[in-house]
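Undergrad: Using the sequences provided together with the hints, build the complete structure.
Protein chains in written order, with the numbering used here: chain A, 1 to 289; chain B, 290 to 374.
Since the hints were made in silico from the structure, they are not lab data. Beta carbons are placed, not taken as given, at the ideal position from N, Cα and C, and that holds for glycine. Take every hint as true, because none was put in to throw you off.
Derived list of chain A stretches under chain B, where covered just means 3 residues or more per stretch with a C-beta under 8 Å from a C-beta of chain B: (1) 36 to 44; (2) 47 to 55; (3) 213 to 222.
Spelled out, the chains give:
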Amino acid sequence: MPSLKELKDRIGSVKSTQKITKAKQMVAAAKLRRAQAAAEAARPYQERLAAVMASLAGKVSGDSAPKLLAGTGSDKRNLLVVVNTDKGLCGGLNSNLVKAAKAKAQELLAEGKSVEFYLVGKKGRAPLKRDYADEITGGYDTSNVKTPGFDEADAIAAELIEMFENGAFDVAHLVFPTFKSALAQDPTINQLIPVPSADVAEESDAVVEYEPGEEEILEELLPRYVKTQIFGALLEREASEQGASMTAMDNATRNAGDLINKLTIQYNRSRQAAITTELIEIIAGAEAL
Amino acid sequence: MALHFELVTPAKLVRSEDVHMVVVPGSDGEFGVLEGHAPFMSTIRDGDVQVFKSEGAAPETIAVKGGFAEVGENGLTVLAEHVEG
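TA: Here it is in structure tokens:
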């Protein structure tokens, strides 16, 4: 049985923890709104670009297609680009991402392919290093920027494309969280390079003129498309992190509240027991006289 | 007689409005787009997009960086990487 003083200190410590989790929850809620708005604002660009890509990719095919679209002709060497958060306190978000990345790596390895990792964000580094220390070839640190934006996506895409042109890998997959709601963020795996050719929806009859040429435009468009994909993943990550953080901290605050209640009851009982014992002693003493 | 003009960056939808004419700095030279322009696609170079709200009005210029322009049935869409201001 802990002493009264111990209980009191314990209650105090849980209370200050609760204050921290409560504050973190409110910060996350405020940031979530902003992150969600940013993710939504980016959508028109992505949609337009995807639509243009689809219509162009259908026209330029065969041998003339750029390498980014056609691939290297092999799918042996795979690169997993894993987008994790930089900060913790966001529940199972990062471990879910790592789990998904590892499952994909296992699947590829089972098919006799080789796997390498390119890590964005701090939190995926340690758990992936444990199992795949030698396969981590590179990474990009986003922890020193407040909100990763298009410039970061630009830098990551440039590095990946350079690696691809140098023949460092054949296929790149992007692993990132998709923000569904504050309660659910699903790890998603998309093929990044070569750019998956969308099924050309409808071949429009209108003859479109291209300036300079179809291939030149496509060549310029493809890196941009990769960049946009990464940018989208970064925005999703931001929203997911805040959402997961909000939920996790809400739970933590509630648990702390429950714990405080339980400890308070225990504290009151012990105090009452001490008072009762004291009274009995006094009464017994008085009776003895 | 109006041309639907949209200017989109990765960060947001900058413009979506009906205008008279837009002059776009294409990589092979500037071109003006009026309503009913034939389907057309071009990469753009860094420069100013000039938006004419109505015929003869003074143009509004928007500096854009990197991207491409597409003219389709539903008007002109400029996808730019950066927009000044």
